[in-house]
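Engineer: Residue numbers (this note's numbering), protein chains in the order written: chain A, 27 to 309; chain B, 27 to 309; chain C, 10 to 324; chain D, 10 to 324.
Source of the hints: derived by calculation from the structure; they are not laboratory data.
Don't take each hint at face value.
[Said to hold, decoys possible] With a cut-off of at most 20 Å between alpha-carbon atoms, the simulated DMTMM-like pairs for lysine to aspartate or glutamate come out as follows:
id, chain 1, residue 1, chain 2, residue 2
1, A, Lys92, A, Asp149
2, A, Lys305, D, Glu253
3, D, Lys103, A, Asp149
[Said to hold, decoys possible] Computed footprint of chain A on chain D; a stretch qualifies when at least three of its residues, placed anywhere within it, have a C-beta under 8 Å from a C-beta of chain A:
id, segment
4, 92-101
5, 150-157
In this text, a Cβ means the ideal position worked out from N, Cα and C, and glycines have one as well.
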Amino acid sequence: MIKKLLSKEKGYAQVSVNKKFNTKNVDEKFWIKCESCNSNIFIKEVEENMSLCPKCNHHFKLSARKRVNLLIDEKTFEELDKDLVSMNILKFPEYEEKLERYTGKSKEKEAVITGTGKLNGIDVILCVMNSEFMMGSMGYIVGEKTTRAIENGIENKLPVIIVCASGGARMQEGIISLMQMAKTSQALNKLSENGLPYISILTDPTTGGITASFAMLGDIIMAEPNALIGFAGPRVIKQTIKQDLPEGFQKSEFLLEHGFLDLIVSRKNMKNKIHQILKMHGY
Amino acid sequence: MIKKLLSKEKGYAQVSVNKKFNTKNVDEKFWIKCESCNSNIFIKEVEENMSLCPKCNHHFKLSARKRVNLLIDEKTFEELDKDLVSMNILKFPEYEEKLERYTGKSKEKEAVITGTGKLNGIDVILCVMNSEFMMGSMGYIVGEKTTRAIENGIENKLPVIIVCASGGARMQEGIISLMQMAKTSQALNKLSENGLPYISILTDPTTGGITASFAMLGDIIMAEPNALIGFAGPRVIKQTIKQDLPEGFQKSEFLLEHGFLDLIVSRKNMKNKIHQILKMHGY
Amino acid sequence: MNSLDIDKPIIELENKIAEFEKISRENNIDLSNEINMLSNKLVNLKNEIYENLTAWQKVNLSRSGNRPTTEDYIKNICSEFIEFHGDRLYKDDKAIVGGIGIIGDMPVTIIGHQKGRDVKENIQRNFGMPHPEGYRKALRLMKQAEKFNRPIITFIDTPGAFCGLEAEERGQAEAIAKNLFEMSSLKVPVISIVIGEGGSGGALGLGVSNKVAMLEHSIYSVISPEGLSSILWKDASKANEAAEVMKLTSSDLYKLNIIDKIIKEPLGGAQKNIEFTSDKMKEYIIEQLNEYVNKNEEEIVFERYSKFRKIGYNL
Amino acid sequence: MNSLDIDKPIIELENKIAEFEKISRENNIDLSNEINMLSNKLVNLKNEIYENLTAWQKVNLSRSGNRPTTEDYIKNICSEFIEFHGDRLYKDDKAIVGGIGIIGDMPVTIIGHQKGRDVKENIQRNFGMPHPEGYRKALRLMKQAEKFNRPIITFIDTPGAFCGLEAEERGQAEAIAKNLFEMSSLKVPVISIVIGEGGSGGALGLGVSNKVAMLEHSIYSVISPEGLSSILWKDASKANEAAEVMKLTSSDLYKLNIIDKIIKEPLGGAQKNIEFTSDKMKEYIIEQLNEYVNKNEEEIVFERYSKFRKIGYNL
Ligand SMILES: [Zn+2]
Ligand SMILES: [Zn+2]
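When you get a sec, could you build the whole thing from the sequences and use the hints?
Structural biologist: Given below as C-alpha cells:
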C-alpha cells in the first residue's frame, strides 16, 4: 500500500499495460506499473521482453502479430486468408462501424491470424487470436479462417497450433457466431481422426465460446501463467452466485489443479516446449 | 424404540432374515423382524414373496438359484460349466475345508451360476453371483465361468446379464483372484466391440473387485433398492477417514444420485424391466 | 412484458363472452348475435396477436412457465420410455434427462434439457441449466446410442449452461466442447428440436445434429436479450429492443439457413394444445428417421459435417 | 521389522570394519588380515541376507521410504520427459504422474503411481493412493498414446486405490473398471513394471498390459498382508505370517506365470544403486519395445487378451 502511494506521488502511470497498449497515449509515457509486482518499469523494456515484466515475469497481453513472430521462424510465415473480412449478415446496428474502428486501431482485419510456417524448422499450422480486435470475439470469419487452417493441416498432414485469446462469441453475428463453435470443433474432430496432433495454447483471456470449443480440445493444452480461462466470465459468475470469487479462481494454475490443463508454460519457453512436443510426435 | 422393546418382550426373533436364512435354525422359527420397517413377519411369507418384506418391500438377500428362477422362463435355463470347482492353487491354509463347508451349506459348487435361458422368450446369457458362497468372492472359477458365459454370448450373439452380489476378491487365491478382474473386463470389452448389450444388475452387497470390474461396466447398470455398492467396504472407509459415514452412503440411491446407476428397479419389476430394455435393443 | 401480457386482451374478450352467455342464460335473453360477433372478434384477435408476435413476445412465450417441457413431449410422442441416469463420473444432473424411447416402432435415444414445471421442480432441475455432468451424461447416452445404432433425438430448452462456481471448477467449457467434438462424428443420425429457449453454448451442446428443427415460438440465440443489451448498451432493461435485432425467432433462423424446419404450434403456443404440437413433432421425427434408414454411416456423418461447415463459408 | 532391521547386522559389520581401518591408520598398525576377513564376511553376510529375504522383509523393502519412485526411474531412463496433467474432468491427481518421455530414441507414454519422498510430498501425493481422477488421467494419457501410436509404460507402486469418502463418491470402482476395460483393447503395446508395492485393484488399474515385469524386491498382491491377516485371522499383527502364504514376491509370481520378467536389483535393494536398477529396467524396456515394432495392432491386442484370458483357464 505504501509503495503504491509513493509511486502515485512520483506521478507514474497507474493504468495497467494492457489498457495502455490499446490507447494512443502509449508513446507519451515511458513508465508503467506492473500489476503483479507493482514495480515501475520502462514500457520499452516490457515490449522488448516479449511483453513480460522484467522484474517478476508477469505476462502482459501480446498482440497476435508479435505472437506469430515469437513462435515462427523468421521469414517462414505465410499468412492464409488474410483478406477475409466480416460482413454484417444480421444487419446488426453499428457493426460495420465497429469493425472499421478495430481494423484501424489494431491494423488487423479480423480477430485471428492464420498461416503456415516453420517452428524451429518443423512445418506447422498456426492460428493466433487477437484480443485487441473486438475482444478476440469469434465471428464467422474467425471460425472460417480457423476451420480452413485446420483443413489445411489435414490436407498437408501438419500439426495444428492455436493460440487462444478471446472474450467469447461475437454478439453482432448472433447465432452465426455461435455456430462457429460447432464448425471449428468438428474440423478438429476430423484432424484428430487423421491422427494429427493439435496443441492448444490458452492466453489471457480465454473465455466463452472459444473455451467451450477449440480451446479445450487440444491433444495437449498448455496455458501461459496467470491467464484467465473460463466459460462464463468472473462478473457473470459473481452475479449468479452472489458471492465473491475465491482467490485465483479461473486462473491457469486453478485450471491445472482441476485437471483441465496439461501444463503451464512461460512465454519464454513456449516455442521450445512446443518444439519438444512436436519432436516427441515424430516431427 | 418402544416398538423394538415391545417386540423383544414378545420374544420374536431379533436377527435379520439374511443371517437367518444361512443357519440351520430357519425352520425352527416362524417369525422374523424386518430390518427396514421393524414389522414382524412370517418367514414363509417373505420367502414366497421373492424375499421381499410384504409390509415395506425391503429387499432381503436372494439366493442365486432363486434369482435364476425369478428371471428366466420356467424350464428354459441351461446351466453352463456347473461342475467347475476351485483348486487350492496357492496351497492356502484351510482353503479346501472352507470350500467344502460352503458347498455343503449352500448346495452350490461356486459363487456364480452361469447359463443360457429365455427371459420372456428372449434368449439371454445369465450369470448370477451367490453371496451365500464364500461371500460371493471372485475366485478363478467365478472369473472363468463368467468369462466363458460372456464368450458364449459373443459366439451366439446373445445379450449378457450379470447379477452381482459379492464381497470382493477371494483372499485364498491371492493374485489369481485379482487377475479375474482383468479377465472378465476384457471379455466384456470384446462383447462390447461385437455390439452386444450387457446389463449389469447390482444387488446387496456389491463391493470390492466385482464393483471395480464387471459390475460397473454395464451398458445399462441397474440396482435393487437400498443395496450396498462400493469399492471399499464401509468399515474400511470409516477406518481411513476416522469419521462416521453419512446416512445412505454407498446405497443404491446414493450411487444413482452420483451418476453411477442408470436406474433402480424393484425386484418385482426386474424381469419386466430387463425385457423392456432388451426389446428396445431389437431382441 | 410476460406471456400473460400477450394473452391479456384475449382473456378479457373471453371473459366478456362468458359474461354475455351467463346473462343470456340466466335472464333468458337472446344475445346470440352479440356473442357471435364477439366470438368472431376473438378469432381475429387471436390471429392478429399470435401471428404477429414480436421477437420479445416470443422470447417470453418460449420461457413461459406453462410451456411444455422435454418430459411432456416424451410422454406424448413415445409409446414407451425408460430414463437412464448419470454421467458415470460425478453426478446425475437433473437439468438434462435422457433414455431410450419408442417412436412409432423405432427405438431412439432421447436427450433433452429439462426445466421444472413448478418452483420445487425448477430448483431440482436448476431451471434447465446443466452443469458439466449434464453434458457428460448426454454424451454417454449418445455414445451408447451409437453403439447400438439408435438414432438420437435431442430437445433443446435451456437459458444456457449454468454459470456457477462448481460448474466452472468441473469444466463447463470442456464438457460442452467435448460434446461438439464428439457429436460431430456420431455414426447415427441426430435430430434436434428447439422446444423453448435455445440459449447459447448450453443449447449447442446438444445441438450438433443432422437436422435442427424449432417449434414455431421457440428461440435460439448466442446470448439472452438481457445479456446482449447489458453488454452492448449497458442496460439490461432494453432486452426487448435487443430481441428484435438478434434474429432469434424460428422464422429468422429458417431464413438464415441455420435450421431445417419450423414445427407449427397451435394458436397461442404449444401449451394450448400439447397433443397438436406433439403430433406435428412426431410426424416430423418419423419422416426424418425414415429418410435415414437408407443412409449409411458415412453419409450421415458427412451430412452433419456439411451442415455446420457451410455456416459462414459461402458468404 | 522394517527395512532398517534388515540392514542392521550389515551396518554393524560395516561400522566395525571402518573402526578397524581407523585404528590401523591412526596407530599405524597393520590390521589388513583382520579387515580382509571382515570384508569377506560382509560380502557373505550381504549375500546371505539379501538373497534370502523373507516375504515379509520384501514387503517392507518394497515400501521403504528410500525406495526409488516412478519419477526417479523416469529421470534415469528417459533422455527427455514432459509431464502432462489432469483428467480433463475434475482434478489433477498427484498420486499418478504421466507424460511423454524418450527412451533410447523412442517416444513413449509413461504413467505411474507416485509416492512422496518425504512427509510433505507424501501428503501431496496421498502416499501413492490415487483417487478416481488419477485413473481417469491415466486413461486419458493412454488413449492419447494410442492415437499417436506410442507404446505405453506404466510403473506400479501403490498401497492401493484410496479408500475415502470422496473417492467412493466420485466412483473409484468405476474408474478402475473402466481402465481394465479400455486397457484391454489398446492398439499399442503396454509394458508394466511393478517397482514397489502392487496393491490390489489400485495397482491393476494400470496393469492390464502386454508384459508385466517386477523389480526383484517389489510385491504384487490382492490385498495387503495386514488386511489379509485382519480379515482371515482377525489380527492385523500377523501380517508377517500372512505375507508368507500370500505368494506376493516376484519369484512367487513368476512361478505362477502372472509376470513375465524379474528385473534384478542390486544387493540390498534398488535404492542402493538406482543407476544399476534403471539400466536393467531400460534394457528390458528397449528390448521389449523392439519386439513390438514388427507386430501389428491385432497381434498386440490378441497377445494382451490371451495373457489374462489364460489365468485360471488351463487349471
Ligand atoms: Zn512485475
Ligand atoms: Zn419391512
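Engineer: Honestly, which of those hints from before does the structure not fit?
Structural biologist: 2, 3
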